[in-house]
Amino acid sequence: MSGESWSDRLLGGFRKTSERLAENLGGIVGASRLTEAQLDDLEDALILSDLGPRAAARIREKLKAAKFESGVDAQGLKEAVAEEIAAILRPVAKPLEIVAFPRPQVILVIGVNGSGKTTTIAKLAHLFQEQDYGVMLAAGDTFRAAAIGQLKVWAERLGIPIV
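Quick note on my numbering: the sequence shown kicks off at 1 and runs consecutively.
Treat the hints as calculated values from the structure; they're not laboratory data. Wrong hints could be hidden among the right ones.
Said to hold, decoys possible - Listed next, the in silico DSS-like pairs over lysine-lysine satisfying Cα-Cα at most 25 Å (straight line):
#: 1; residue 1: K67; residue 2: K78
#: 2; residue 1: K94; residue 2: K64
#: 3; residue 1: K62; residue 2: K117
#: 4; residue 1: K67; residue 2: K94
#: 5; residue 1: K62; residue 2: K78
#: 6; residue 1: K64; residue 2: K78
#: 7; residue 1: K67; residue 2: K117
What the hints assert, rightly or not - If you anchor each label on the Cβ, the simulated ranges turn out as follows:
#: 8; residue 1: A139; residue 2: A65; range: 28 to 38 Å
#: 9; residue 1: P161; residue 2: A100; range: 14 to 24 Å
#: 10; residue 1: G111; residue 2: A74; range: 23 to 33 Å
Given the structure is predicted, the values throughout are model-derived calculations rather than measurements. We put the beta carbon where it would ideally sit given N, CA and C, even for glycine.
Sequences and hints are given; from them, build the entire structure.
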């Protein structure tokens with residue numbers, strides 16, 4: 001396992017969302033505490049980055065009480081937000097366990113456009129290959145034509161059949 005923290009892996013997993021979030025958080029810098037206006041901007045940035053209103057409100061409240069020792073900077077704010085997102089997800093995070101029976105097993109991957117579903121599918125397929133499971137991929141994205149081609153490329157790289 002890599003030396004990355006859970007927060008680092010979380011941000012890596014949501015790369016596009018985190019990139020949008022970083023762009024949206026860029027202007028929120030300054031004093032050792034966030035102002036109400038900055039907190040409003042933060043909440044808006046979180047919602048615009050697909051975190052949802054409940055999660056955004058929770059993060060806003062947590063960061064309202066936070067004190068940034070050397071002043072609020074983009075990196076410190078990003079790390080604080082990442083830790084709060086991790087805190088929200090930690091209670092429901094659990095390892096993916098594949099049981100021997102019943103077989104075959106199907107894993108359906110769903111999510112919004114651009115969230116990394118196809119890449120995640122390839123990573124899961126590779127993981128299961130390394131654990132000596134038989135793996136087959138099936139494309140289900142009929143909306144984005146390139147998605148099927150992208151999955152075919154991953155299947156070929158991994159030597160996995162695709163239907």
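Hint check:
1. K67 - K78: Measuring from Cα to Cα gives roughly 14 Å; hence the hint holds.
2. K94 - K64: Distance ~29 Å between K94 and K64 Cα, so the pair is violated.
3. K62 - K117: Violated: K62 and K117 sit about 30 Å apart, past 25 Å.
4. K67 - K94: Outside the cut-off at roughly 31 Å; violated.
5. K62 - K78: holds (14 Å)
6. K64 - K78: Distance of about 14 Å is within 25 Å: holds.
7. K67 - K117: This hinted pair is violated, its Cα atoms lying about 36 Å apart.
8. A139 - A65: 28 to 38 Å: Given a distance of about 46 Å, which is not inside 28 to 38 Å, the answer is violated.
9. P161 - A100: 14 to 24 Å: Distance hint for P161, A100 holds at roughly 21 Å.
10. G111 - A74: 23 to 33 Å: For G111 and A74 the Cβ distance comes to about 27 Å; the hint holds.
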